[in-house]
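The primary structure of each chain is shown beneath.
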Amino acid sequence: MSRRAEVALAALAVAVAALFVATVAAGSVAIPLSQVVAVLAGDAPADPVWSTIVTQVRLPRALTALLAGAALGVGGLQMQTLFRNPLADPFILGVSSGASLGVALVVLVADGAGTTLVGGLGLAASVGVAGAAAVGAGVTTAAVLAVSRRVASPATVLIIGLMAGYVTAAVVSVLVHSGVGGVERVRAYIAWGFGSFASTTWSELTVLVPCVAAGLALAGAMTKQLNALLLGDRYAASMGLRVRGVRVLVICGASLLAGVTTAFCGPVAFVGVAVPHVARAALRTSDHRALVPGCLLAGGAVALAAGLAAEVPGSDATLPLNAVTSLIGAPVVVAVLLRMRRSRQAVVP
Amino acid sequence: MAPIPARRRALPLVLCVLLLSLAACATATDGSARGGGSGDNLVDRCVDAFEQGVDYFPDKVEFEYADGVSVRYEDHYKVVEVDRPDDPDAEPLRYVLSQCGTPTPDPGGELARAQVIRVPATGVASLTTANLPHFAELDRVEDLAAVASPSFVSTPAVRRAVAAGAVESAGSGTEPDLESLIALEPDLLLLDAFGETVMDDVERLIQGGVPTAVNADFDETTLLGRAEWLKYTALFLNAEQEAAEAFAGIEDDYRRVAAAAAEADERPSVLFNLPYQGTWYVPGGDSYLAAAVHDAGGVYVFGDDTSNGSLELDVETVLAEAAGADVWLQAGSVHGSLDDLLAHDERFAEFEAFQDAQVWASDKRTTRGGGNAVYETAYTRADLFLADLVEILHPRVSDHELVFFGRVGSEPSS
Numbered sequence: 001m002s003r004r005a006e007v008a009l010a011a012l013a014v015a016v017a018a019l020f021v022a023t024v025a026a027g028s029v030a031i032p033l034s035q036v037v038a039v040l041a042g043d044a045p046a047d048p049v050w051s052t053i054v055t056q057v058r059l060p061r062a063l064t065a066l067l068a069g070a071a072l073g074v075g076g077l078q079m080q081t082l083f084r085n086p087l088a089d090p091f092i093l094g095v096s097s098g099a100s101l102g103v104a105l106v107v108l109v110a111d112g113a114g115t116t117l118v119g120g121l122g123l124a125a126s127v128g129v130a131g132a133a134a135v136g137a138g139v140t141t142a143a144v145l146a147v148s149r150r151v152a153s154p155a156t157v158l159i160i161g162l163m164a165g166y167v168t169a170a171v172v173s174v175l176v177h178s179g180v181g182g183v184e185r186v187r188a189y190i191a192w193g194f195g196s197f198a199s200t201t202w203s204e205l206t207v208l209v210p211c212v213a214a215g216l217a218l219a220g221a222m223t224k225q226l227n228a229l230l231l232g233d234r235y236a237a238s239m240g241l242r243v244r245g246v247r248v249l250v251i252c253g254a255s256l257l258a259g260v261t262t263a264f265c266g267p268v269a270f271v272g273v274a275v276p277h278v279a280r281a282a283l284r285t286s287d288h289r290a291l292v293p294g295c296l297l298a299g300g301a302v303a304l305a306a307g308l309a310a311e312v313p314g315s316d317a318t319l320p321l322n323a324v325t326s327l328i329g330a331p332v333v334v335a336v337l338l339r340m341r342r343s344r345q346a347v348v349p
Numbered sequence: 350m351a352p353i354p355a356r357r358r359a360l361p362l363v364l365c366v367l368l369l370s371l372a373a374c375a376t377a378t379d380g381s382a383r384g385g386g387s388g389d390n391l392v393d394r395c396v397d398a399f400e401q402g403v404d405y406f407p408d409k410v411e412f413e414y415a416d417g418v419s420v421r422y423e424d425h426y427k428v429v430e431v432d433r434p435d436d437p438d439a440e441p442l443r444y445v446l447s448q449c450g451t452p453t454p455d456p457g458g459e460l461a462r463a464q465v466i467r468v469p470a471t472g473v474a475s476l477t478t479a480n481l482p483h484f485a486e487l488d489r490v491e492d493l494a495a496v497a498s499p500s501f502v503s504t505p506a507v508r509r510a511v512a513a514g515a516v517e518s519a520g521s522g523t524e525p526d527l528e529s530l531i532a533l534e535p536d537l538l539l540l541d542a543f544g545e546t547v548m549d550d551v552e553r554l555i556q557g558g559v560p561t562a563v564n565a566d567f568d569e570t571t572l573l574g575r576a577e578w579l580k581y582t583a584l585f586l587n588a589e590q591e592a593a594e595a596f597a598g599i600e601d602d603y604r605r606v607a608a609a610a611a612e613a614d615e616r617p618s619v620l621f622n623l624p625y626q627g628t629w630y631v632p633g634g635d636s637y638l639a640a641a642v643h644d645a646g647g648v649y650v651f652g653d654d655t656s657n658g659s660l661e662l663d664v665e666t667v668l669a670e671a672a673g674a675d676v677w678l679q680a681g682s683v684h685g686s687l688d689d690l691l692a693h694d695e696r697f698a699e700f701e702a703f704q705d706a707q708v709w710a711s712d713k714r715t716t717r718g719g720g721n722a723v724y725e726t727a728y729t730r731a732d733l734f735l736a737d738l739v740e741i742l743h744p745r746v747s748d749h750e751l752v753f754f755g756r757v758g759s760e761p762s763s
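Here the protein sequences come in this chain order: A and D. The numbering used here puts the first residue of the first sequence at 1, with every later residue one more than the last. The numbering used here puts the first residue of the second sequence at 350, with every later residue one more than the last.
Bear in mind the hints are in silico, worked out from the structure with no lab data behind them. The C-beta atom is built at its ideal place from N, Cα and C for all residues, glycine as well. One or more of the hints may lead you astray.
Restraint ranges, calculated between C-beta atoms of paired labels, are given here [as the list claims (entries may be wrong)]:
#, chain 1, residue 1, chain 2, residue 2, range
1, D, Thr-655, A, Val-312, 16 to 26 Å
2, A, His-177, D, Asp-688, 54 to 64 Å
3, D, Glu-528, A, Ile-159, 33 to 43 Å
Computed footprint of chain D on chain A; a stretch qualifies when at least three of its residues, placed anywhere within it, have a C-beta under 8 Å from a C-beta of chain D [what the hints assert, rightly or not]:
#, stretch
4, 54–62
5, 198–207
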């Protein structure tokens with residue numbers, strides 16, 4: 001790993017730590033920093049409810065943002081390499097929509113025993129929703145990948161991904177409008193669609209943490225294979241790589257990451273496409289041994305920053321998370337498109 | 350009784366109007382009026398022979414609690430004004446309700462562009478469920494021709510009419526079926542003035558020849574104000590007499606219940622609703638629910654707020670403000686348990702109301718199709734809704750069986 005990459009990784013780690021602390025320290029309720037520290041140190045704060053706010057609201061929120069950002073960043077990197085397309089991303093390729101369809105089927109159609117009117121997606125606590133989202137994500141990825149191998153242009157692949165997203169979104173819309181599941185569930189589903197890091201609790205994190213950790217570990221273990229894929233299927237095969245098997249593994253890993261994140265946080269836009277470019281720019285490399293940790297850290301940092309902005313510190317309002325991530329991510333996509341056009345570097349990121 | 354030819358029926362009417370003998374007139378019209386009509390307005394027919402200077406609406410109503418609606422009576426038409434909830438500074442919506450069988454009014458001025466609607470309407474389509482209890486209270490369910498999303502209806506009398514095939518489906522509340530509504534040719538279409546595009550829908554319907562009026566009862570800031578909109582529905586049916594009687598009963602009951610609540614020594618604090626994906630939607634401090642908590646002898650935790658819509662708060666704000674609230678309303682299900690709520694979000698355990706099992710769900714009276722009386726009957730029967738709140742907040746001064754609310758876990762799972 002180059003010296004520059006090491007320095008950049010260290011800087012990203014510091015940024016993640018700082019943003020994590022800021023997320024725990026800042027919120028709509030003004031709690032003095034000393035009191036936040038006291039709570040974290042296990043002491044009783046001046047107001048007992050502050051302890052609840054810091055440990056039950058802010059810490060899970062910060063951890064969720066960190067995990068979701070890392071998962072989407074690394075998942076995006078894997079998709080970009082897999083599709084050999086610099087604009088691939090779980091959201092753009094319709095993978096998040098596939099995950100949404102999985103969630104919609106579970107939440108709106110399947111009968112949650114006894115919890116019918118509790119509303120909300122407390123059901124997300126069950127592994128069922130996360131599993132459905134991951135399966136939905138995986139099926140969509142595989143479908144888009146299968147089609148994409150028949151076309152050459154990366155732009156066409158993106159459009160196919162967009163169409164896959166529209167189709168799944170339309171099915172979800174039909175489900176919502178047909179009124180299955182009743183008002184409460186539809187309302188919960190719509191709220192989920194805005195995206196949020198703020199709704200996960202510790203019990204949901206017991207599902208989210210191991211799933212994301214497994215997905216990240218898989219990505220970390222496959223850096224060599226990902227590097228080989230970057231050189232093209234034929235070259236990778238000539239190096240002794242079982243391309244087909246690797247591709248399936250990458251799809252599984254990326255779908256797990258995108259799927260569970262979508263299940264718990266809703267479809268989060270643009271983090272997956274923007275983060276790998278931020279990491280590449282910061283690390284000046286396309287070596288996955290550096291990029292996987294780079295995307296992990298950059299993703300965490302971007303998500304924590306977006307979460308902070310969405311919370312609007314100092315006010316009790318919350319912005320839709322997707323509005324914030326789109327504002328950050330869409331310009332990155334445009335910048336990448338413009339650079340692609342200039343350098344005619346269309347296929348290999 | 351054999352039907353009387355229209356021309357011969359006109360004579361007694363004209364005579365009794367000339368004599369200004371209202372009692373005699375009531376007796377004369379009772380014979381041909383449908384059941385339930387105890388007033389003197391023409392509830393089911395037109396004027397046969399128009400006479401200048403005759404008051405065709407001897408029964409009148411006025412609005413005492415509702416802020417968003419008013420009515421002015423002329424001899425043979427009424428002028429109704431409804432404030433636009435989407436834009437309170439805009440010109441109010443104006444309707445000229447003209448007694449059928451009398452000349453079309455031409456008031457000019459600010460009324461020149463007002464929609465003229467013939468009354469009494471006897472074939473009403475309603476795209477909102479909020480006003481269905483009005484028809485039940487007025488005993489005029491037979492005037493309903495169609496409702497949106499019939500499976501969502503909770504009001505028993507209307508459900509019976511739907512089951513009997515007397516009331517048709519008019520699409521869903523959010524996606525009105527304009528074509529079938531126009532084809533249905535109702536005398537009147539009522540819909541909630543809710544959402545961004547509703548005024549465009551109204552415009553299209555009017556152009557399609559459907560007399561359309563909007564409901565804005567949800568914008569009222571008191572329960573009685575919201576309930577008083579039953580008089581608004583009555584204006585279109587000429588059922589002023591019935592509306593005045595029904596509302597007077599509701600008002601009396603409400604005052605009695607509120608007076609009893611005022612006697613209580615304590616003022617329990619109240620929190621509403623559950624968060625969705627980290628956002629907690631609660632009623633504004635100037636909403637009718639906030640006013641209801643006050644009238645029920647409680648303190649609403651966000652009562653200092655001055656909005657009448659809903660507030661979007663994050664979880665930590667609600668924890669900071671309401672963790673110590675005594676009572677938690679509209680959370681969970683009477684068919685579910687407190688543990689179900691914990692599975693939804695374990696942070697609920699931090700709320701004192703949760704620890705004390707003071708969590709009350711509002712789905713006690715629901716239908717299979719998803720209808721809930723708390724979204725229908727409760728808006729009209731403000732007295733019952735208030736009595737529920739008082740029973741929850743002050744069980745010692747109250748002797749009332751809960752209608753809309755139930756303690757979470759109080760009913761077997763359905």
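When the hints from earlier in the document are held up against this structure, which numbers fail?
2
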